[in-house]
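Can you build the whole structure from these sequences, using the hints too?
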Amino acid sequence: MPARLSKPAASAGVAVCLLLAAGSAYAHSAAPGAGDFYAGALHALTALEHVLPFLALGILAGQQGRKAEPVLLVFCLALAAGATVALWTPPLPYIGLLNIVSAILFGGLVAAAWSLPMAFCYGIAAVFGLSHGFANGAGMIEQTKPYLYIPGVALAGLAVTAYGLIVTDYLLRRKAYWIHIAVRVAGSWIAAMGILVLASSGSAILKA
Amino acid sequence: MNTRTAARPNRSSLSKFALACLLWPALALAHVGQGDISGGFLAGVAHPVLGPDHVVAMVAVGMWGAQLGAPAIWVLPVTFPIVMAFGGALGGLGVPIPGIEIGIALSAIVLGGMIAIARRPPLWTAAIVVGVFAIFHGHAHGAELPESANAISYSVGFVAATGSLHALGILIGVANRWSAGAKVLRAVGGLIAACGFYFLTGHLIAG
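As they're listed, the protein sequences go chains Y and E. Just so we're aligned: 122 in the numbering used here is position 122 of the first sequence, and the numbers increase by one with no gaps anywhere. Just so we're aligned: 1170 in the numbering used here is position 170 of the second sequence, and the numbers increase by one with no gaps anywhere.
Certain hints may be false.
What the hints assert, rightly or not - One-sided and incomplete, this derived list gives chain E residues near chain Y with beta-carbon spacing under 10 Å:
#, residue
1, F1086
2, G1091
3, G1094
4, I1097
5, G1099
6, H1141
7, N1150
8, F1158
9, A1160
10, Y1198
11, L1200
12, T1201
13, G1202
Said to hold, decoys possible - A short, non-exhaustive set of chain E residues, derived as facing chain Y with CB atoms under 10 Å:
#, residue
14, V1156
15, V1159
16, V1184
Claimed, not checked - Derived Cβ-Cβ restraints for the label pairs, each shown as a range:
#, chain 1, residue 1, chain 2, residue 2, range
17, Y, T46, E, V1095, 30 to 36 Å
18, E, A1167, Y, K175, 39 to 45 Å
19, Y, L87, E, T1125, 55 to 61 Å
20, E, L1123, Y, S115, 21 to 27 Å
21, Y, L42, E, T1201, 49 to 55 Å
22, E, R1177, Y, P91, 53 to 59 Å
23, Y, A113, E, P1121, 23 to 29 Å
Treat the hints as calculated values from the structure; they're not laboratory data. For every residue, glycine included, the Cβ atom is placed at its ideal position computed from N, Cα and C.
See the structure below:
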């Protein structure tokens, strides 16, 4: 008699099938020309130098509590604005450094676990939203449709930060004390990664 | 068929799992050095995990934190990665620190020795001791950072591996709750210090 799949194994199998199905659906996009939307989203989502700070900002907002939800909207709009600016501005060579600094700042603030004034949160979301948006916007080429690409970047940012906020908010509602520490450790790891990457970029610039 | 027998893994599923485990590293390693995400990541994981002098010191950091108890057990995993990354940044920028390997061997001796004598120094003393050694360890890893194919995935792997070694030390340190476990913990601390002496004599003879 063939072994019957256990419940976790069965659900893992279903999850894999769903992931594969999503892949095939992608290739047959119902709306022709929507590809540039995904180009924008993937430009942000496939680069750790964007995903890590996005996640850190989401965790930071989750740590501040539900009142910080509008911070994500500010960030999303700033991403769109930054990507739009990139349409008319020549590429800035060191914008990537600013994005790495955002990983150190957001991660460090999560590690510190201070209660921050909301105005400060809006400020950092706006400034670094612009820098991340600009770096992503610079990825557009002549044929890219900006009205699809830019929403792709902005919504990818919103999705990642919202994921960070929702998971953190859910975890911090649990009573166990160690969860607070685990969230701070996550921030500390992201800040540490940022410091190392900044040093690596710095040494590359010094050598150039 | 009752639920208990259904939940138990049978031999065929176990062997499939074993086969998957065997195949997994082969799949992952096939991409090392191609400059893709997994290449940098695995190099970053491998660097702290494959050096026994780093491994014993990082596990000792977690064990000592667990032995000291709150708040050290919480302060440590939050601050250590950032301080170590600072040391890594110095290494990556090529700022020389003399006697890195000696410092790393000393860190195993001091941390292992502190666990063995089971004293509780004030938190700031423990923080300074661990912080100084964190910079030495970070510097040794960071010096190889510019050569890595993908700096960001190397950093992700390196920080995650070091953090996991601390977590392992903290888990071992949980044994401190039981009187027999506390004795075993002190003995392991002594063993780590002995490893430190071994590394130190190796460096002194070689250097």
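- Non-conforming hints, listed in increasing numerical order: Hints 4, 5, 10, 11, 12, 13, 16 and 18 are the ones this structure does not satisfy, whereas the remaining hints hold.
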